[in-house]
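Chemist: One-letter residues, chain by chain:
There are 2 protein chains.
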Amino acid sequence: MTATAMNKDGFGFELLARSGSARAGRITCAHGTVATPAFIPVGTAGTVKAMTPEAVAATGAEMVLANTYHLMLRPGAELIAKLGGLHRFMNWRRPILTDSGGFQVMSLAKFREITDGGVVFQSHLDGSRHELTPERAIEIQHQLGADISMVLDECTPYPASEADAAKSMRLSMGWAQRSAAAFDRRPGTGLFGIVQGGVWGDLRRESAAALIEIGFDGYAIGGLAVGEGRELMLSTLEATVPALPEEAPRYLMGAGYPADIIGAVGRGIDMFDCVLPTRSGRTGKAFTRRGEINIMNARHIEDPRPLDEACRCPACADYSRAYLSHLARAGEMLGGTLMSWHNLQFFQDLMAGLRDAIANDTFDAYATAFLAEYRSGDIEAL
Amino acid sequence: MTATAMNKDGFGFELLARSGSARAGRITCAHGTVATPAFIPVGTAGTVKAMTPEAVAATGAEMVLANTYHLMLRPGAELIAKLGGLHRFMNWRRPILTDSGGFQVMSLAKFREITDGGVVFQSHLDGSRHELTPERAIEIQHQLGADISMVLDECTPYPASEADAAKSMRLSMGWAQRSAAAFDRRPGTGLFGIVQGGVWGDLRRESAAALIEIGFDGYAIGGLAVGEGRELMLSTLEATVPALPEEAPRYLMGAGYPADIIGAVGRGIDMFDCVLPTRSGRTGKAFTRRGEINIMNARHIEDPRPLDEACRCPACADYSRAYLSHLARAGEMLGGTLMSWHNLQFFQDLMAGLRDAIANDTFDAYATAFLAEYRSGDIEAL
Numbered sequence: 192m193t194a195t196a197m198n199k200d201g202f203g204f205e206l207l208a209r210s211g212s213a214r215a216g217r218i219t220c221a222h223g224t225v226a227t228p229a230f231i232p233v234g235t236a237g238t239v240k241a242m243t244p245e246a247v248a249a250t251g252a253e254m255v256l257a258n259t260y261h262l263m264l265r266p267g268a269e270l271i272a273k274l275g276g277l278h279r280f281m282n283w284r285r286p287i288l289t290d291s292g293g294f295q296v297m298s299l300a301k302f303r304e305i306t307d308g309g310v311v312f313q314s315h316l317d318g319s320r321h322e323l324t325p326e327r328a329i330e331i332q333h334q335l336g337a338d339i340s341m342v343l344d345e346c347t348p349y350p351a352s353e354a355d356a357a358k359s360m361r362l363s364m365g366w367a368q369r370s371a372a373a374f375d376r377r378p379g380t381g382l383f384g385i386v387q388g389g390v391w392g393d394l395r396r397e398s399a400a401a402l403i404e405i406g407f408d409g410y411a412i413g414g415l416a417v418g419e420g421r422e423l424m425l426s427t428l429e430a431t432v433p434a435l436p437e438e439a440p441r442y443l444m445g446a447g448y449p450a451d452i453i454g455a456v457g458r459g460i461d462m463f464d465c466v467l468p469t470r471s472g473r474t475g476k477a478f479t480r481r482g483e484i485n486i487m488n489a490r491h492i493e494d495p496r497p498l499d500e501a502c503r504c505p506a507c508a509d510y511s512r513a514y515l516s517h518l519a520r521a522g523e524m525l526g527g528t529l530m531s532w533h534n535l536q537f538f539q540d541l542m543a544g545l546r547d548a549i550a551n552d553t554f555d556a557y558a559t560a561f562l563a564e565y566r567s568g569d570i571e572a573l
Numbered sequence: 192m193t194a195t196a197m198n199k200d201g202f203g204f205e206l207l208a209r210s211g212s213a214r215a216g217r218i219t220c221a222h223g224t225v226a227t228p229a230f231i232p233v234g235t236a237g238t239v240k241a242m243t244p245e246a247v248a249a250t251g252a253e254m255v256l257a258n259t260y261h262l263m264l265r266p267g268a269e270l271i272a273k274l275g276g277l278h279r280f281m282n283w284r285r286p287i288l289t290d291s292g293g294f295q296v297m298s299l300a301k302f303r304e305i306t307d308g309g310v311v312f313q314s315h316l317d318g319s320r321h322e323l324t325p326e327r328a329i330e331i332q333h334q335l336g337a338d339i340s341m342v343l344d345e346c347t348p349y350p351a352s353e354a355d356a357a358k359s360m361r362l363s364m365g366w367a368q369r370s371a372a373a374f375d376r377r378p379g380t381g382l383f384g385i386v387q388g389g390v391w392g393d394l395r396r397e398s399a400a401a402l403i404e405i406g407f408d409g410y411a412i413g414g415l416a417v418g419e420g421r422e423l424m425l426s427t428l429e430a431t432v433p434a435l436p437e438e439a440p441r442y443l444m445g446a447g448y449p450a451d452i453i454g455a456v457g458r459g460i461d462m463f464d465c466v467l468p469t470r471s472g473r474t475g476k477a478f479t480r481r482g483e484i485n486i487m488n489a490r491h492i493e494d495p496r497p498l499d500e501a502c503r504c505p506a507c508a509d510y511s512r513a514y515l516s517h518l519a520r521a522g523e524m525l526g527g528t529l530m531s532w533h534n535l536q537f538f539q540d541l542m543a544g545l546r547d548a549i550a551n552d553t554f555d556a557y558a559t560a561f562l563a564e565y566r567s568g569d570i571e572a573l
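Chains as they are written, first to last, in our numbering: chain W, 192 to 573; chain P, 192 to 573.
Worth flagging that the hints you see were computed from the coordinates, not collected in a lab.
The reader is advised that the hints may include incorrect statements.
[What the hints assert, rightly or not] One-sided and incomplete, this derived list gives chain P residues near chain W with beta-carbon spacing under 10 Å:
#1 MET281
#2 TYR349
#3 GLU353
#4 GLY526
[To be verified] Simulated pairs of lysine to aspartate or glutamate, EDC-like, Cα-Cα distance not exceeding 16 Å:
#5 W:LYS273 <-> P:ASP375
#6 W:LYS358 <-> W:ASP393
#7 W:LYS199 <-> W:ASP317
#8 P:LYS273 <-> W:ASP375
#9 P:LYS273 <-> W:ASP569
#10 P:LYS199 <-> P:ASP375
#11 W:LYS476 <-> W:GLU419
#12 W:LYS301 <-> W:GLU326
#13 P:LYS273 <-> P:GLU353
#14 P:LYS358 <-> P:ASP307
#15 W:LYS273 <-> P:GLU493
#16 P:LYS358 <-> P:ASP393
Heads up, the beta-carbon is just placed ideally off N, CA and C, and yes, glycines get one too.
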């Protein structure tokens, strides 16, 4: 195929291969390149929980996400800027994507009031009062030094009536316009718009059209993976993705499970982020090629096998399930580290497998085989 | 000087240099060599808390300690043996020293009854009833696969009357005899006796003589660093060390602070273990060349400097005090990891400095300069 390439002042996206609606590509930004489809580990407070940056990089992750909401409250974006930016602060020298803070204001803040101007809220940490406007969200992300910034949006809750979803989406489109106007482009940085509209195809298309009219470096799909279920999520993607530009990266925010990712890649999504690998890892859950296991289950106590025979991460190369079970039962921090490491490796391996399958135009066969094995379940120890 | 060398079936100790009473040497055992004076990080439950084994090794540690008490209760010594031993279980391929469990039975168990035979106690985890005899303590350490095993002893509490200390010490000497009789030597493994006797020089000498009569591969000094204070600890060492054989390693159990270690090395001690670097690291305390700091102190919040300019550990090479302060305030696990890493590096660097100073016969000057700098205090940020 002929590569479709987009490049704007050092920020670029190239499409390298296609298999059905699935696509493989490469994002280029200030701190490096990111092969797509990409899974972006979440480093909420400027650290991917329980992991060193070296360990995150060792899994193959090329970009991490950091949360504007958390960092603006503690330690503060001005301080991070003064200390040389987030890359230096957290010692992650590859690309960083920051969210706008809107989602966490809705899910974490103690109190919030939304106006056309923005959102006023109380910190979940100390009750202090803060305001987030589209302009301020962009300024914070600039202070952090993000490679990719996101517009401020309101994540429409699920369920929502069509009228409520429409109202919420149109508010977000106004904020997107203001976010774009406020964005001070540095070489190699990009700004993504966020499509909203709940599960209503017409609203999603209206939202996509509004964002395209403004013009962004990439297009995210927000307001999904919030309880609507996989079927509705994927059908909403089917209604939305065709309305997005071919030449720009597409990012499904906050998803998800391996089947979510595979389904979304098959519908043309290029980027994902989710806390699942790390949060699961800290609570004893592991993703394996034969599905999910809970290391706290008694059947792992004496099991000399690794979590996943096919995995090359340190948790699998050097340790038994018995040891990981012991660490989890003893509440040892190394358990959270090793389990998170494995899970992040699992998600990166999944993405690498998807990219290879797209390059070989065997996406459907790969997806089918992967999911069949995933659903076959763990083999119990003899 | 002429090297004093001791070698028994693959377990050996060579004395390589002397400076006053301080000595530098090398222990050889089944899983490698350990340069002395050595600081042995504590891996209580089969993990040096918050650290990967690779990180522990990167600090220069050549041996770790694991606790018989913790491992016998969870996951059980039989299980570890079945899984190939503790080295494989915890993925630490260098030497391991195990304690006998006696100290933790006294400090952690819910209930215990000491008889001449041994000690019956209830697990602090689940209240289950267990017995630890000298023979069983040795058997467990054999199952774990320790390079260096310790005899079962009663750690005499402080304060204790001379009569109580004598009675406790004589009980321990009986147990030492039985421990030695039960020890099934594998190539490259050794058994250490433990001198008791409280702060009473005559009792310490009686204990040392009793142990020498039995004959051990090394001699530990127990029952110190339990609240008696540095002065009394060092004077007790002065009364004890001359009674120990020149050609065997000497191990001061459970100490301590840098000044404790320097004082003890100056009195002829070769080995140390302590939870201080890791426990302090997890609670925000760092050891630096200019003393101890608490990263939770507000003055570190905006400080761009590393914990210790002279340290080459990742916490110092790649991160600011501001970032470590942020991690500690946010309760992020990486904070505990980086602070523990730094502290372990600090202790290993201290030991390397002491070894070099002994080799150059400049121990006193080095100790004086180190302690002067240590006591000079942290330089505040501008």
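Chemist: If a hint holds in the structure, say so; if it does not, say that too.
Modeler: Hint check results:
1. MET281: holds, 7 Å
2. TYR349: Hint violated; TYR349 (chain P) Cβ to chain W Cβ min 29 Å, cut 10 Å.
3. GLU353: Since the shortest Cβ distance to chain W is 40 Å, the answer is violated.
4. GLY526: holds, 8 Å
5. W:LYS273 <-> P:ASP375: violated, 62 Å
6. W:LYS358 <-> W:ASP393: holds, 13 Å
7. W:LYS199 <-> W:ASP317: Not satisfied, since the Cα-Cα distance of roughly 41 Å exceeds 16 Å.
8. P:LYS273 <-> W:ASP375: violated, 62 Å
9. P:LYS273 <-> W:ASP569: violated, 23 Å
10. P:LYS199 <-> P:ASP375: Distance ~13 Å between LYS199 (chain P) and ASP375 (chain P) Cα, so the pair holds.
11. W:LYS476 <-> W:GLU419: violated, 23 Å
12. W:LYS301 <-> W:GLU326: Outside the cut-off at roughly 22 Å; violated.
13. P:LYS273 <-> P:GLU353: violated, 44 Å
14. P:LYS358 <-> P:ASP307: holds, 11 Å
15. W:LYS273 <-> P:GLU493: Given pair LYS273 (chain W), GLU493 (chain P) holds - Cα atoms ~9 Å apart, limit 16 Å.
16. P:LYS358 <-> P:ASP393: With a Cα-Cα distance of about 13 Å, the restraint between LYS358 (chain P) and ASP393 (chain P) holds, given a limit of 16 Å.
Hint check: violations occur at hints 2, 3, 5, 7, 8, 9, 11, 12, 13; the rest are consistent with the structure.
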